[in-house]
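Please construct the entire structure, taking both the sequences and the accompanying hints into account.
Protein chains: 2
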Amino acid sequence: MSLLFKYLRVHQVFGANTNVGKTILTSALVRASAAKGNTVYYLKPVSTGPMEDADDEHVQRFSGAHADTVHSRCLFRFDDPVSPHLAARRAGKSGVEEVSVPSDDIFAKAVASHIRDCASQDAHPAHMYVETAGGVHSPTLSGTTQLDSYRPLFLPVVLVGDSKLGGISSTISSYESLLLRGYIVDSIMLFRDEYYRNWEYLVPYFAERGVHVIAVDAPPERPASADENFRVTEKYYQEIVPPSLQGDIFEALRHLDECHSRRLTEIDSMPQRSLDAIWWPFVQHGLVKGEKDVNVIDSAWGDYFSVYNAHRSSQPATARYEPRSLLESQFDGSASWWTQAVGHAHPTLTLAAAKAAGRYGHVMFPQATHLPALKLAERLIRHGPGKGWASRAFFSDNGSTGMEVALKMALRAFALRQGENLDGMQRKKLGVLGLKGSYHGDTIGAMDACEEGVYTCEWHNAKGYWLEPPTVAGRNGRVVISLPPAIAQVTESNDTEVYTGSFSWTYDVGERLKTPLADFYRRYIERTLSKYWEGGDHTLAALVLEPLVMGAGGMIFVDPLFQRVLIDVIRGVPTAASSQPSLQWSGLPVIFDEVFVGLYRLGLRSTIPFLGVNPDISVNAKILTGGSMPLAVTLTSDAIFQAFISDNKVDALLHGHSYTAYPAACEVANETLNIVEKMASGSEWSDARARWGCSDAPEAREKGVWSFWDAQLVDALSRLDTVTEAMALGTLLVIKIKDEAGGYQSHSAENLLNALRLAVDSEQISAAPGGAPFGINYRTLGDVAYFMLSLNSSAATIRSVEDRIWRTLNEGSSAS
Amino acid sequence: MSLLFKYLRVHQVFGANTNVGKTILTSALVRASAAKGNTVYYLKPVSTGPMEDADDEHVQRFSGAHADTVHSRCLFRFDDPVSPHLAARRAGKSGVEEVSVPSDDIFAKAVASHIRDCASQDAHPAHMYVETAGGVHSPTLSGTTQLDSYRPLFLPVVLVGDSKLGGISSTISSYESLLLRGYIVDSIMLFRDEYYRNWEYLVPYFAERGVHVIAVDAPPERPASADENFRVTEKYYQEIVPPSLQGDIFEALRHLDECHSRRLTEIDSMPQRSLDAIWWPFVQHGLVKGEKDVNVIDSAWGDYFSVYNAHRSSQPATARYEPRSLLESQFDGSASWWTQAVGHAHPTLTLAAAKAAGRYGHVMFPQATHLPALKLAERLIRHGPGKGWASRAFFSDNGSTGMEVALKMALRAFALRQGENLDGMQRKKLGVLGLKGSYHGDTIGAMDACEEGVYTCEWHNAKGYWLEPPTVAGRNGRVVISLPPAIAQVTESNDTEVYTGSFSWTYDVGERLKTPLADFYRRYIERTLSKYWEGGDHTLAALVLEPLVMGAGGMIFVDPLFQRVLIDVIRGVPTAASSQPSLQWSGLPVIFDEVFVGLYRLGLRSTIPFLGVNPDISVNAKILTGGSMPLAVTLTSDAIFQAFISDNKVDALLHGHSYTAYPAACEVANETLNIVEKMASGSEWSDARARWGCSDAPEAREKGVWSFWDAQLVDALSRLDTVTEAMALGTLLVIKIKDEAGGYQSHSAENLLNALRLAVDSEQISAAPGGAPFGINYRTLGDVAYFMLSLNSSAATIRSVEDRIWRTLNEGSSAS
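So the protein lines, in turn, are chains A and P.
Going by the working numbering, the first residue of the first sequence is number 1, and it counts up by one from there.
Going by the working numbering, the first residue of the second sequence is number 1, and it counts up by one from there.
Honestly, the hints are just simulated from the structure, not real lab data.
Keep in mind that a hint or two might mislead.
No copy is singled out in the list; a pair is fine if it fits within one copy or between any two copies.
[To be verified] 27 Å max Cα-Cα, derived DSS-like pairs, lysine-lysine: (1) Lys-235 / Lys-36; (2) Lys-436 / Lys-649; (3) Lys-289 / Lys-375; (4) Lys-375 / Lys-292; (5) Lys-649 / Lys-738; (6) Lys-649 / Lys-289; (7) Lys-292 / Lys-649.
Predicted, not measured: the structure shown is a model, and the values here were computed from it.
Written out as structure tokens, the structure reads:
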């Protein structure tokens, strides 16, 4: 949670280096704030060294007349004049609070808690200054550097610049490091050193960048004697913070006050301005009732948004006194449309993007190459979802365009093999074979690969044929496969429900191929298709599947056995034959739309090992860039690629967006895969797998059925009387709410779970940044509610969200 | 140009701060290189202060045994121990070279020239160290900071870290500032200070980030006497660079050698690896003959790529001695598919992206808002291409998706107004009215808004009707409008060519509406449409135009009068009526596809003031993000927006990509518009406008016909016997080459201009980074060659490219 209060202005003071005058300028600000009649809180969370100890007393010793309105506090203090991480390690803990070296989490919570305490005092107007230790990147107690460790609190910044030789460089670099973490830098302050005159350079430099720089007279040399030092220092403070309330420090104060009030005004204006200027995707504006329906996202960190809650708050926004932070933590329960992998604003990804943007900007891709794209292509083909079958990577901008590329590839390959058998008109009548409930993206071509439905537009023309698939779900504590009536009819029992006993067995496609159900599926598919081939509208030219889970169609868990048998039938492979990888496609080109399910979303690098068969074409996007920026990749076998080769330019795949394979996204993708692959073999994942009874052997990692969500919770949810089905896989938890109507237009899930959106302060210490109460932002698909984690969501967050879901649904159930 | 030589390894030494031991460690590296038998070049381009003067002699004084193999040089020297920009300003120039304070351009060229001189010495293996002054962001002579001023040379970096208190912070921040400019940081070296032990922290910190850190024993305290200093320092060097050739410095040397050879191996492997793994957009792989057809882009800066030329070079790559840089400058003559606005890798855009990524990452957009998107939406509507008519911004990922959104909007608005008159089947038969030669993007829906052609795929279904438009061109020094025969027939003279006298008159649509040609256009359009309405395949539901220039269709300059009359006819407005802005659409919704032509590509913020009528929907992309990352915006009038409002979710515009309005791109777009709008009112643009006889009055800035290209060149080109037409507008120069066949499959333009691709060292000092010879990368559309600038291309670059084009074509003409 970031902290923003109406009557308490908080600034965090960072230094461009150690010993640049951070404490002196902070003390001056404290004095000036007090002189202007504010209550002032001075917080130095960590202090090291006897010298800084003394500095720390600047405020208290010299605040004189304002002693009653200035409140000073240090949370962790060390005598050793070294970096805090070293001080903590060397001296052992000897601080004010009796805790051992705190983790980043505890540290941020301790600071946030103190700030909230101050905000809850009925003293206003009030100013607070939080002084950091050393430079922006000096390590804190845990070893994390200052700006990363304070980032969860997202306080606006005063950067104290360096006025000495070399100080221009360290000031600018420090500013850039703050920027890379998204910090709001309200002001840069530095001493007016008349010899090096850094401020002369920095004022216009930062003016061009919209940042205010204030130079303040430098302090005198430090005299040897303590008494003399006291006298000289006090005189200096009197000069820069004069009783006239004029001068540079008061100018700085005025500017910081203005920044604070401008920020309050701006954020308060955002809901209405957004209602006036923005057309949201997938939103019926007619149902948006007003400002409180607008989620104003001020920043984000990890799994949490920081949102402006003034319009949501029960207290009127005009209240004279508002002790709660105007910003509230909100768990990003849909992983921002299924994109998040390593949490919002991960510094490693920001740096990766910056590195590639700084080296290349964008460079056009036709017949060109650059390292980020080349490395990504090779990696995806050799060690990623293309492993063992793909030979080429084709980049585009999003899942929808990636699927259009896939369709163009498949149609061409099919048409080429048909040769003269297809005339121009017949080519236009090519269609796809798919499953009911499929969704492949929003562009019209991708939509045409699906049935007509609520999502489709005037031009929609469903090109193909879609089978109704059997689905998997947890229902009343049992794992059940629901067979559509048409399939049930070909089974011996005609039952529409098949109980499989366990998830792990349900997903063991290899074993299940030997069961009678596989034969029933085959029989049903063969019959249905031969009927279609006789009189269907389209010549089927590609099989298009979302493996395991159909996302936008309603989080439908398809029986993987059915998808496998379907592929085998299309390829003319007998049931239970060993899947020989072939470089040629047979029957129809098979496209896997892994945009949602791929790259560990379901706990697995790819869904391919699960089904035990390779596609001819696959599409990945969303997680590919770790949840930061758009990029899609269409992988293909060499046989598909060869269909476009000739000596004629018009035979090429004439598709390409301006920013195809732009370096920033490719570099971010490489970095994301580095991070995720490391996590995937780490202990947190092993533990989660173990809780689902899933082995940690290499093979199980490729095919195991497990989730970050608790197995017992899923079981318990599936038994609730408001719930028809519950399922979990990887990061995904799906709960289907009882509703007569059902479907996309249902509001049942939304209505039942609505209370989750409120920030609740129920836990002792919340899992949200700074330990703040948090609400849950989630999306529903009609009667289906789903919750999605990042690949690195903390156990505390997961347990806490589970608890909220359980209590909300359980209460809803009892009440019903 | 960045510099990379086979037998000369060059490293640039940056400091994390001033006084961190840069000169000492560089000297140690110089000594070690020499000790290992290399010729060594030590270049300190700028030196300030008597102390550094002495430091500078470290190399010479202490290189002893290797005096003949170590070559030391300083280009600019000042006595004043302050930042170079101050030294230069204070002392006046008193340097080694007799030039006044050099511009960044001259400075980079001086350094590059010296490096090239060293590389051309037949001495190998050789090492070179280029030592910078102060910290990474210390200003150079011109005031630009070190890492920005050296960036055009893109040399790999040794960063000397700071071993003192606070040094962890300055080292990390400096590294991040280097990263933001894309620098390759091969190594971080710092002193092993036993008290602060920064290296202990930095080694694992950077290991995690893949950067090598080497700690070296710290030098002794500097003794007072010069003799003693000499003795002590020499002893220190003997210790860290011992005759045994062992120890930390030699380990550093080995690592740098390895980085260099790894880079050579890697870049040399890139062509074949790319041929093996990448499927390029719009490329017929069957025509790619081998490694030399792969453009390996090592980095980019401003208007230039830096490309690997080993496979292109006339000299065999195996030559023992290769004095030329393996990297070559290449002018990006198509502005990387029409995206570039402010040059590649512009630091301001990199920082903007980093700032937003650091604050938000991506946050999902439905019913949410964040500052970068909100500000961009408001700005585009109020002060951008939506000024005066648009009420909403809908974001998507690229021009093609932006156009699909526009089509969905128009189709819905039209269908809604038709109401019961349209049944479900008729809705599918809705079509667009457009112009032959249109192109609206690569997705299938956008393609369906165009005629069938080489770009279309199996599923293509041309939905609509396309008129053949009259076009504008310079031909044999005259401005001519070419009328299609069908239009010529309705004129009095039946001539297919109309000479208009001047470009400015041709584009003065307001005046030309009063001419007979306007009436002829109206008559032709009305007749043709009424005939289509009687028996056409589709119910026309939208008018879709690329205003002024149809890009991918062949850079066709459409007569703007024709587009204006067409809009008036569709809207039922009489010819020459004053265009009353209406908030309601009439006739058909009008879509302007400004993806290519918008946002100053043609010198104008928007094409709308030119035509004098507002669209109902417009799409912008490409330049929107300054050429860095994908983003598109569809702007609409309120009337169109209202067509989607109801209390039913399924009536909403159910379109949205995962990364809709991702903060990094929105922030970059805002920053791009800041930069461009500043340039647009600057003197360079005024000068260019003046050269085309275009007034600088505010109105003329909105509607003036001018180009960055020279008017006389365009005239002269149009008279060449190999050229049929030449045109220029804004950043665009189009040359149509004579060819019997013509069209997209023609290779005439490519064949005639092919020589441009070679790097030529013809000018005294080239306009490319570091003054390097440069080739020109350009793309053709069949018989059409085009060249495109950024909005800030330097006059030197433009003149130089013009000269190359002229000479190539003029020679081709004489020869033919």
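Hints, one by one, checked against the model:
{"no.": "1", "hint": "Lys-235 / Lys-36", "verdict": "within (19 Å within a copy, 60 Å between copies)"}
{"no.": "2", "hint": "Lys-436 / Lys-649", "verdict": "between (37 Å within a copy, 21 Å between copies)"}
{"no.": "3", "hint": "Lys-289 / Lys-375", "verdict": "between (48 Å within a copy, 22 Å between copies)"}
{"no.": "4", "hint": "Lys-375 / Lys-292", "verdict": "between (45 Å within a copy, 20 Å between copies)"}
{"no.": "5", "hint": "Lys-649 / Lys-738", "verdict": "between (56 Å within a copy, 20 Å between copies)"}
{"no.": "6", "hint": "Lys-649 / Lys-289", "verdict": "between (53 Å within a copy, 13 Å between copies)"}
{"no.": "7", "hint": "Lys-292 / Lys-649", "verdict": "between (55 Å within a copy, 19 Å between copies)"}
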